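Q: Just so you know, the protein sequences line up as chains U and B, in that order. Numbering follows full-length UniProt numbering, with no gaps: position 184 of the first sequence is 184. Numbering follows full-length UniProt numbering, with no gaps: position 31 of the second sequence is 31.
One should not assume that every hint holds.
[Claimed, not checked] Simulated restraints, written as ranges between beta carbons of each label pair:
#, chain 1, residue 1, chain 2, residue 2, range
1, U, 77, B, 34, 19 to 29 Å
2, U, 34, B, 34, 55 to 65 Å
3, U, 287, B, 13, 25 to 35 Å
4, U, 282, B, 46, 27 to 37 Å
5, U, 142, B, 43, 50 to 60 Å
6, U, 287, B, 33, 21 to 31 Å
7, B, 34, U, 109, 22 to 32 Å
8, B, 20, U, 131, 53 to 63 Å
[Unchecked claim] Sample of chain U residues facing chain B (criterion: CB under 8 Å; computed from the structure):
#, residue
9, 77
10, 86
11, 87
12, 117
Please keep in mind that the hints were generated in silico from the structure rather than gathered at the bench. What you are looking at is a predicted structure, and each value in this text was computed from that prediction instead of being measured. We put the CB at the ideal spot given by N, CA and C, even for glycine.
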Amino acid sequence: MASRVGRFYGAGLLKSNNGVIGQICKFATAQEKSSGRKKILSTLGVITGGLGALLFSLDQSVKASDLELHPPKNPWSHKGLFNALDHQSIRRGYEVYKQVCAACHSLKYVAYRDLVGVTHTEEEAKAEAEQVQVTDGPDDQGNMFQRPGKLSDYMPSPYPNPEAARAANNGAFPPDLSYIVGARHGGEDYIFALLTGYTEAPAGVNLREGQYYNPYFPGGALAMGQLLFNESAEYEDGTPPTASQLAKDICTFLKWTAEPEHDDRKRMIIKMLGIFSLLFVTSYYYKRHKWMTIKTRKIEYRPKN
Amino acid sequence: MSILSTLNNAIFKRTSTFALVVVGSVFFFERAFDVVADSIFDKINEGKLWKHIKHNYEK
Numbered sequence: 001m002a003s004r005v006g007r008f009y010g011a012g013l014l015k016s017n018n019g020v021i022g023q024i025c026k027f028a029t030a031q032e033k034s035s036g037r038k039k040i041l042s043t044l045g046v047i048t049g050g051l052g053a054l055l056f057s058l059d060q061s062v063k064a065s066d067l068e069l070h071p072p073k074n075p076w077s078h079k080g081l082f083n084a085l086d087h088q089s090i091r092r093g094y095e096v097y098k099q100v101c102a103a104c105h106s107l108k109y110v111a112y113r114d115l116v117g118v119t120h121t122e123e124e125a126k127a128e129a130e131q132v133q134v135t136d137g138p139d140d141q142g143n144m145f146q147r148p149g150k151l152s153d154y155m156p157s158p159y160p161n162p163e164a165a166r167a168a169n170n171g172a173f174p175p176d177l178s179y180i181v182g183a184r185h186g187g188e189d190y191i192f193a194l195l196t197g198y199t200e201a202p203a204g205v206n207l208r209e210g211q212y213y214n215p216y217f218p219g220g221a222l223a224m225g226q227l228l229f230n231e232s233a234e235y236e237d238g239t240p241p242t243a244s245q246l247a248k249d250i251c252t253f254l255k256w257t258a259e260p261e262h263d264d265r266k267r268m269i270i271k272m273l274g275i276f277s278l279l280f281v282t283s284y285y286y287k288r289h290k291w292m293t294i295k296t297r298k299i300e301y302r303p304k305n
Numbered sequence: 001m002s003i004l005s006t007l008n009n010a011i012f013k014r015t016s017t018f019a020l021v022v023v024g025s026v027f028f029f030e031r032a033f034d035v036v037a038d039s040i041f042d043k044i045n046e047g048k049l050w051k052h053i054k055h056n057y058e059k
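One chain only, chain U, in its complex shape:
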C-alpha cells in the first residue's frame, strides 16, 4: 500500500521538466467540485442524515412506550476484561440448580463431563452422574432400560417433552437454562433481578390463577413464583444461603453454562494485547522506514529566467 501510494505521488512530485504547477490539478485535494456535483452530494447528505434522525427518534419512542423495568448492573466478580468466573461460586450455583431450579427447568446442553475441571473433580462428577437414572437402550431384547448416569450423560430434564412441561405449569413453559444468560437482555443482571425482584402486584394489575408479579419480567405476570428465600437451599462449603447469595451463585453458574469458553476468552485477551502490541510496534517502524524517502523529499520551484 505504502509503496503503491509512494509510486503514484512520487511520480507526480518528481516531474522536473514542467515543474509541479502543471501536475498539481491531478492531486485529489486540489480539484474543485462542479456545482451540480456539490448539489447532489449535499442533497444525499441531508437525506441520509434525516433518515438516520428519523430512525433514531422512532427507536427512542418505542423504548419510551414499554413499562418494563430494566435490571440494575451488578458488580460481578467476572465483570471486566481480564476477570475469570469465580469457580467456587459456579460450584455453589450448581448446588442451587440441583436443589431448586431442576424441579422445573431442564439444562439439557450441559453434560456431567463438563463439570470436570470446572467445579468438580472427576470422581465427584461421576458420583453426581450416578445419582440420576438415565433411559438407555435398546438392549438385545429391544427394550429400553434404566441405568445410573455416566459422565457422558447430559443433565436430566424434569419433563419428557414441552407439552408435559406446559401441562404441569399452568400452560407456561419453563425454558431450558443452558443458554438463558445469553438469551435474555441484561444477561445475568436480568436473571438476578428477576429472582430477587418479586413484589406485590401494584393496583390495577390483575393476575390470573398461578401467576406472580415481577416488575423485571416483560409484562409483569410470571408463572414462576419466588423460589429463592433465605435458606431455601444448602451449601456444602458453609456459605450462608441467603436469598441474594443463592441468586448470585445461580447466575454465575448459568453464566458459565451459557459461556463455557468465558475464562479461555479472557486469557486470550491478555495474549492478544501482548502479540498485537508487538505487531503494532513492528508495523509502525516498518511504515516509517518505507515512507522515509517520500516524507523527507524536498520540492523546489525554480522558474526559468
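We have chain U; now place chain B onto it with these hints.
A: Showing chain B alone in chain U's frame:
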C-alpha cells in the same frame, strides 16, 4: 559493531541459518510468552480459578 557483524555473518547472511534461527527462536518465544501471559491471568484471578480451589475437593 563487531557483535553486530559477527551476528550478521553467523546468522542473517545465509537464508539457511536465518530460517533455522527463526524456527528455534519462535519455539522459545512462544513458550515464554504463554508462560508470562498465563501467570498474569492467574495473578489477576487469584483464588477464583478451579486450580486454586481444587485442593479442597481432591483426596
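Q: Should the hint that residue 117 (chain U) touches chain B count as held when the rule is a Cβ pair under 8 Å?
A: The hint holds - residue 117 (chain U) has a Cβ within 8 Å of chain B, the shortest such distance being about 6 Å.
Q: Range first: 50 to 60 Å. Now tell me if the beta carbons of residue 142 (chain U) and residue 43 (chain B) are that far apart.
A: Since the Cβ atoms of residue 142 (chain U) and residue 43 (chain B) sit about 58 Å apart, the hinted range of 50 to 60 Å holds.
Q: Residue 20 (chain B) and residue 131 (chain U), beta-carbon distance inside 53 to 63 Å?
A: Roughly 57 Å apart at Cβ, these two residues keep to the hinted range, so it holds.
Q: Could you tell me whether the CB distance from residue 34 (chain B) to residue 109 (chain U) stays inside 22 to 32 Å?
A: holds (30 Å)
Q: Holds or violated: the 25 to 35 Å window for the beta-carbon distance between residue 287 (chain U) and residue 13 (chain B)?
A: Given a distance of about 26 Å, which is inside 25 to 35 Å, the answer is holds.
Q: For the restraint on residue 87 (chain U), tell me whether the closest CB of chain B is nearer than 8 Å.
A: holds (5 Å)
Q: With chain B as the partner, please determine if residue 86 (chain U) meets the hint condition of a C-beta pair closer than 8 Å.
A: This interface hint holds because 5 Å falls under the 8 Å limit.
Q: Taking the CB of residue 77 (chain U) and the CB of residue 34 (chain B), does the distance hold inside 19 to 29 Å?
A: Once the Cβ atoms are compared, 25 Å apart, the range 19 to 29 Å for residue 34 (chain B) and residue 77 (chain U) holds.
Q: Report holds or violated for the interface hint on residue 77 (chain U), using the least CB-CB distance to chain B and a cut-off of 8 Å.
A: Result: holds, 7 Å to nearest chain B Cβ.
Q: Check the following: the C-beta atoms of residue 34 (chain U) and residue 34 (chain B) are separated by a distance inside 55 to 65 Å.
A: Given a distance of about 59 Å, which is inside 55 to 65 Å, the answer is holds.
Q: I want to verify a distance hint. Is the separation of the beta carbons of residue 282 (chain U) and residue 46 (chain B) within 27 to 37 Å?
A: Taking Cβ atoms as reference, residue 282 (chain U) and residue 46 (chain B) lie about 33 Å apart, which means the hint holds.
Q: For residue 287 (chain U) and residue 33 (chain B), compare the CB-CB distance with the range 21 to 31 Å and indicate the outcome.
A: holds (24 Å)
Consistency with the previously given hints is maintained throughout, with no hint failing.
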